[in-house]
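Chemist: For the record, the sequence lines run as chains A and B. Here the working numbering is used: position 223 in the first sequence is 223, and no number is missing along the way. Here the working numbering is used: position 56 in the second sequence is 56, and no number is missing along the way.
Hints are supplied without guarantee of correctness; some may be wrong.
No copy labels: a pair is met if it fits in one copy or bridges any two.
Quick list of in silico lysine to any residue cross-link-like pairs, SDA-like style, CA-CA up to 20 angstroms [to be verified]: (1) Lys149 with Thr29; (2) Lys231 with Gly158; (3) Lys149 with Val184; (4) Lys60 with Gly196; (5) Lys149 with Leu180; (6) Lys25 with Thr218; (7) Lys25 with Asp111; (8) Lys149 with Arg120; (9) Lys149 with Val185; (10) Lys60 with Gly110.
Honestly, the hints are just simulated from the structure, not real lab data. Every value quoted in this text rests on a predicted model; they were computed, and no experiment measured them.
Protein chains: 2
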Amino acid sequence: MDWRLLLELLDERSLASMIDHTMLKPSATLEDLERAVEEYRRYGFACLALSPYHALVALKRFRDVRICAVIAFPMGFSSPRASSMLARELLEAGVAELDMVMDLHAFKAGDYARVKEGIRAVVEEAKSFGALVKVIIETGLLNDEEKIKASQIVVDAGAHFVKTCTGFLGGRATIHDVALIKSVVGDRAKVKASGGIRHAEDALALISAGADRIGTSTGPRIVEEFRELVKGR
Amino acid sequence: MDWRLLLELLDERSLASMIDHTMLKPSATLEDLERAVEEYRRYGFACLALSPYHALVALKRFRDVRICAVIAFPMGFSSPRASSMLARELLEAGVAELDMVMDLHAFKAGDYARVKEGIRAVVEEAKSFGALVKVIIETGLLNDEEKIKASQIVVDAGAHFVKTCTGFLGGRATIHDVALIKSVVGDRAKVKASGGIRHAEDALALISAGADRIGTSTGPRIVEEFRELVKGR
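Same shape as in the complex, but just chain A (with noise of 0.2 angstroms):
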């Protein structure tokens, strides 16, 4: 599908309610947060993205906001057991969402049955909380074959979405890398696109591709610029 045609059917809101607002640069204060809460609540974005800190802070202060979580970001460097207990603790605290880096070392190890212990040991934690696990596999340090393996494991872990990069270690989402994880997901997963995501065109052109989230840093600006769009159409 022409991403144009989401132009005619979408609205600001329901493109804002697709977009992760994201806010995990590694020097963020406290000012930091308070603005993308702000942002957050001013355009209905679909969750608020945050380090653990972060999400528990954000938590305690401001309740109508629907944190998510980052857990193993953004190398995947952690243990299955660690990760759980991270995610029970973020999840008791109130996290509605876990973002988690799939332990990229297992993974190009060969390793999947470790690699799927990690996400399963997550998913498992969330299921009682009814919370959404979505995974990054990193698109951007895997070739076609080794997406296609991770999006299988993604889903055979019973994780809610696959999401394509951190945005930290280069990676960029791809309608290519959106188009190839959804054919191997179908309906058993969702696919969020996340990585150097910028622009309204480029978001429109990878929910058209099959992206269900968009991750990024700049909600605010791609909503703003769909707005122009839209009125330019």
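Here the structure of chain A is known, so what remains is to put chain B in place on it, guided by the hints.
Modeler: Same frame as chain A, now just chain B:
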């Protein structure tokens, strides 16, 4: 002290014994791990710094290797409980050193108690194993006042080393930062310089400035360059 004096005072083996041989690139394979182990043995580096997954693999396969594993790497996105759980797993498996990133978001929020709690949780686990804990404060994201404060927290929490950078967030080890940290910690902790150290002259200058360890993925080249510098002096 002029770093050129170290060409007289050090030999290849003693320089290598101050280098943490680091292999943390997110796309690393088992072949990369094997190569790193071989280099570790050939040069006699202080330890081999690995991801949790590679650390566990290396401990099973290569019994003669002193392993350092990273925790909350590279952004400090964890919790005290999750970090201590991961530390315990790694220590029980035989890891001799732990390089953890302090909780950068907690630090930037001025929540120094939380930063210290996270470090202390890992230090407590390490204690009964006689393992070393190095804490990365990520100097590239801090001003001098923050570097001083962070170093104080690390020492107060009982860690053995203040470490400059992960190498993944743009920060670089500088002579200024090593000297500054050294002036804060004195004899209460050691200093590990890491981030962008690629050549022998730089490694030696950082040692002259007070670094007790050098963290780098190019240890073999640094030792080779040192040999040439000694020859050519």
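Chemist: A separate judgement is required for each hint: does it hold in the structure or not?
Modeler: Verification of the hints:
1. When the C-alpha separation of Lys149 and Thr29 is checked against a cutoff of 20 angstroms, the pair qualifies only between copies, where the shortest distance is 16 angstroms, while the shortest distance within a copy is 38 angstroms.
2. For the homomeric pair Lys231 and Gly158, neither the shortest alpha-carbon distance inside one copy (41 angstroms) nor that between copies (60 angstroms) is at most 20 angstroms.
3. Proximity of Lys149 and Val184 under a CA criterion of 20 angstroms is satisfied intra-copy only: 9 angstroms inside one chain copy versus 49 angstroms between copies.
4. Taking the shortest Cα distances, Lys60 and Gly196 never come within 20 angstroms of each other, neither inside one copy (30 angstroms) nor across copies (39 angstroms).
5. In the homo-oligomer, the alpha carbons of Lys149 and Leu180 lie at most 20 angstroms apart inside one protomer (11 angstroms), although the nearest pairing across protomers, at 48 angstroms, exceeds that limit.
6. In this assembly of identical chains, the alpha carbons of Lys25 and Thr218 lie at most 20 angstroms apart only when taken from the same copy (12 angstroms versus 27 angstroms across copies).
7. Within a single copy, Lys25 and Asp111 get their C-alpha atoms only as close as 30 angstroms, which misses the 20 angstroms cut-off; across copies the closest is 17 angstroms, which meets it.
8. In the homo-oligomer, the alpha carbons of Lys149 and Arg120 lie at most 20 angstroms apart inside one protomer (16 angstroms), although the nearest pairing across protomers, at 39 angstroms, exceeds that limit.
9. For a Cα distance limit of 20 angstroms, the shortest separation of Lys149 from Val185 inside one copy, 11 angstroms, qualifies, whereas the shortest one across copies, 48 angstroms, does not.
10. Taking the closest pair of Cα atoms, Lys60 and Gly110 come within 20 angstroms of each other only across two copies (17 angstroms); inside a single copy the shortest separation is 41 angstroms, beyond that limit.
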